[in-house]
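These protein sequence lines are chains A and B, in that order.
Taking the working numbering, the leading residue of the first sequence gets 10, the next gets one more, and so forth.
Taking the working numbering, the leading residue of the second sequence gets 10, the next gets one more, and so forth.
No lab work stands behind these hints: they were computed from the structure.
Please note that a few of the clues may not be correct.
Note: identical chains are not told apart, hence a pair may lie in one copy or across any two.
Said to hold, decoys possible - With a cut-off of at most 27 Å between alpha-carbon atoms, the simulated BS3-like pairs for lysine-lysine come out as follows: (1) Lys171 <-> Lys16; (2) Lys350 <-> Lys365; (3) Lys16 <-> Lys239; (4) Lys16 <-> Lys359; (5) Lys410 <-> Lys350; (6) Lys175 <-> Lys16; (7) Lys365 <-> Lys34; (8) Lys239 <-> Lys359; (9) Lys34 <-> Lys359.
Protein chains: 2
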Amino acid sequence: MVDWEVKCAERTHYMTRSAIREILKLTQRPDIISFAGGLPAPELFPVDRVREAADLVLTERGTEALQYSASEGVAELRDLIAERMSRRGVQVTRDNILIVNGAQQGIELIGQVLLDEGDSLVVEDPTYMGMLQAWRPYNLCYHTVPTDHDGLDIDALREVLKAHPKLLYLVPNFQNPQGVTLSLERRRQLIALLDEFDGLVVEDNPYGELRFGGEDLPSLYEIDAEYSGKRALDGRVIYLGTFSKILAPGVRVGWIAAPMAIMEKLVQAKQAADLHSSPLTQLIVSATARDGFLDKHILTLREVYRDRRDVMMDAIATYFPEDVHFVKPEGGLFLMVHAPKHLDMTALFKVALDHKVAYVPGADFYVGGAAAGGHTFRLNFSNARPAMIEEGIKRLGAMLKDVLVPQYMP
Amino acid sequence: MVDWEVKCAERTHYMTRSAIREILKLTQRPDIISFAGGLPAPELFPVDRVREAADLVLTERGTEALQYSASEGVAELRDLIAERMSRRGVQVTRDNILIVNGAQQGIELIGQVLLDEGDSLVVEDPTYMGMLQAWRPYNLCYHTVPTDHDGLDIDALREVLKAHPKLLYLVPNFQNPQGVTLSLERRRQLIALLDEFDGLVVEDNPYGELRFGGEDLPSLYEIDAEYSGKRALDGRVIYLGTFSKILAPGVRVGWIAAPMAIMEKLVQAKQAADLHSSPLTQLIVSATARDGFLDKHILTLREVYRDRRDVMMDAIATYFPEDVHFVKPEGGLFLMVHAPKHLDMTALFKVALDHKVAYVPGADFYVGGAAAGGHTFRLNFSNARPAMIEEGIKRLGAMLKDVLVPQYMP
Chain A
10 MVDWEVKCAE
20 RTHYMTRSAI
30 REILKLTQRP
40 DIISFAGGLP
50 APELFPVDRV
60 REAADLVLTE
70 RGTEALQYSA
80 SEGVAELRDL
90 IAERMSRRGV
100 QVTRDNILIV
110 NGAQQGIELI
120 GQVLLDEGDS
130 LVVEDPTYMG
140 MLQAWRPYNL
150 CYHTVPTDHD
160 GLDIDALREV
170 LKAHPKLLYL
180 VPNFQNPQGV
190 TLSLERRRQL
200 IALLDEFDGL
210 VVEDNPYGEL
220 RFGGEDLPSL
230 YEIDAEYSGK
240 RALDGRVIYL
250 GTFSKILAPG
260 VRVGWIAAPM
270 AIMEKLVQAK
280 QAADLHSSPL
290 TQLIVSATAR
300 DGFLDKHILT
310 LREVYRDRRD
320 VMMDAIATYF
330 PEDVHFVKPE
340 GGLFLMVHAP
350 KHLDMTALFK
360 VALDHKVAYV
370 PGADFYVGGA
380 AAGGHTFRLN
390 FSNARPAMIE
400 EGIKRLGAML
410 KDVLVPQYMP
Chain B
10 MVDWEVKCAE
20 RTHYMTRSAI
30 REILKLTQRP
40 DIISFAGGLP
50 APELFPVDRV
60 REAADLVLTE
70 RGTEALQYSA
80 SEGVAELRDL
90 IAERMSRRGV
100 QVTRDNILIV
110 NGAQQGIELI
120 GQVLLDEGDS
130 LVVEDPTYMG
140 MLQAWRPYNL
150 CYHTVPTDHD
160 GLDIDALREV
170 LKAHPKLLYL
180 VPNFQNPQGV
190 TLSLERRRQL
200 IALLDEFDGL
210 VVEDNPYGEL
220 RFGGEDLPSL
230 YEIDAEYSGK
240 RALDGRVIYL
250 GTFSKILAPG
260 VRVGWIAAPM
270 AIMEKLVQAK
280 QAADLHSSPL
290 TQLIVSATAR
300 DGFLDKHILT
310 LREVYRDRRD
320 VMMDAIATYF
330 PEDVHFVKPE
340 GGLFLMVHAP
350 KHLDMTALFK
360 VALDHKVAYV
370 PGADFYVGGA
380 AAGGHTFRLN
390 FSNARPAMIE
400 EGIKRLGAML
410 KDVLVPQYMP
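The shape of chain A in the complex, shown without the other chains:
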């Protein structure tokens, strides 16, 4: 018999299965209304358009789509991305773009290229769980920065930057899990601080195009370019984008946009990881997106998701107890509820299932785990239809009121 535990590498001791994915398995009973997943609304997938695109690609360019191809990605898709990223004046070129299998692989590759074991990393607290999971093998030292309704606390950021951390990881728009957006003023302050401390930031932006109203804020790479006067992607920002939330996750197409000087190492890491992403899915994405289709599709997503957020807001106002708090998200898929501190939302998850409703307990989004965020939970509003959202929030509100009542007993 092989003793696999002995055979495993040291780093596997830090590796864990995604807590969310385990939770999702429990929420798939048809009687449960689930706000747990981070799933886009499947009824909005442009299935017909994708089918036509697949047919076109395999008819006109079948052998190209099925053969080995470039590690950097398919040229026309990289051009499409570069064009979209250049729309507000910063020149992003094909050479800045590396196609990856969803932004998650971008996180993985950036880690391989930049992180040594024991390095220090600055993160929002709470932060994106998939990043924590991907980088766990590096046994990083985390500097957490608290957030409010305008995102990251800049004074706290200045303090941690004094320790010269290797990297800052940030979801500036409609953050997962909190739904919070970093304000324009703080974006400018952040870039100035990075310049002062010779810092780097990974700008993970899966939700940025899903804004429900008001003006889009400039990306960190744009503010960085403005700050340095370069008008090119050649500064302190490595950007992560994905088609998962604006088209469909199943194609597994995302990208890293990075300064040319670091592209060579990222491409090497991509080659080692899986040679290259599928040219078939890349060409399908490109053929689906083109001729303005993607931009129009995004407008639809914004509308539908805005309605669902509004339904959830109204239902929370109606059904939740008063002593819960959250930031109203201006876009994206999520919000995070802070219940009274004595509530253990991880333990209450099973109670919620009894009420036939599900959320993701917040603890695992916090570097400090349950001690820091045991009283929080994340709600997704993109996946369920409005009537279901209202009913689910009603169930969850009843559960919360149930467990909170004893606190007010004499």
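Starting from the known structure of chain A, arrange chain B on it as the hints suggest.
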């Protein structure tokens, strides 16, 4: 300005770009006949079948194909693979199978789960370059084992196993780059040795189904099961398979087949790497392969590639100088030529381009680099049509005779 070299992780110093991929860029002039790539014949891709499969999948299961899905892979594809791997009596189940983006990602994930920095690894010499590249960041200690026409030298293997290396990596069928196949007797000896020394082997088998004649040899996982009497995939072998050579590389679908006890860690590594492989391409592969199509398609590939190998053999006999050596491959895509030791086939690559023919210099396949394999070169016979193969070998033979002549001058 950011000094990226200072920012990069230590491991990036060991990372390199694939030498082959760099070479391929030089061989894309239309006047050059290239034996350099490892490309399947694109004219044999079943493009129509894939297009019909894509249409069917997107018509009948569009939202499933485009949504997030399981990290382990799509159930029906895992079943199809398990069924094919069980055909000779060893019970392989869905739970043994993890879908990955081509076998290259399998190599990457196995490395993450099993290799600590500085670990020792046993490899054939020469060995698969993509493995060397993927695992370079671990700064491994290599034990090389020489090969002959029956594969790995078993006596030499016994010697290196005494040092208790972490892992053995092997391409037992029609090895890349040499085209050599490990004999049945040596397979049995190898498994017995692994058992004696409590060793593990990665059986990388991209070409195994492309045999040109004679009986297929049992896989190492089959011999291991027979040896232990278990009739299950639960021993010392981690198997890597891929659809790249038997269907099409562009779908990027491969798999790891491993004992259940190590699957959990492999799945965790897969989640961290990119969440999961594309359900769209997985479902397309499954719909393409089913109803016996894949088996029939493989028969076609065997025939065409056998003809091309034969044409290359005949041309080599006609046009090459006498003092070159190689093992005639019984399948797969490659053979490796050993020229006289004083020839530097890396330096001669440019001379070959002047003769409008290309190969891959062998040095990078050797752990010892040019000192060990500078006089070797790899030839691919799957990608070029027969007339081109003959003409290319003629050109290469002329070049070799040119550079060898001075040796015979008084």
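To see whether the hints hold, each was checked on the structure:
With identical chains, the CA atoms of Lys171 and Lys16 are at most 27 Å apart between copies only, with a shortest distance of 17 Å across copies and 40 Å within one. Taking the closest pair of Cα atoms, Lys350 and Lys365 come within 27 Å of each other only inside a single copy of the chain (24 Å); across copies the shortest separation is 74 Å, beyond that limit. Only between protomers do Lys16 and Lys239 lie at most 27 Å apart by alpha-carbon distance; the minimum there is 21 Å, versus 50 Å within a single protomer. Within a single copy, Lys16 and Lys359 get their C-alpha atoms no closer than 36 Å, and across copies no closer than 45 Å, so neither meets the 27 Å cut-off.
Taking the shortest alpha-carbon separations for Lys410 and Lys350, only the intra-copy value of 15 Å comes in at or below 27 Å, while the best inter-copy value is 82 Å. With identical chains, the CA atoms of Lys175 and Lys16 are at most 27 Å apart between copies only, with a shortest distance of 7 Å across copies and 31 Å within one. Proximity of Lys365 and Lys34 under a CA criterion of 27 Å is satisfied intra-copy only: 14 Å inside one chain copy versus 58 Å between copies. Neither within a single protomer nor between protomers do Lys239 and Lys359 lie at most 27 Å apart by alpha-carbon distance, with minima of 53 Å and 40 Å respectively.
Proximity of Lys34 to Lys359 under the C-alpha cut-off of 27 Å is restricted to the intra-copy arrangement: shortest distance 13 Å within a copy versus 57 Å between copies.
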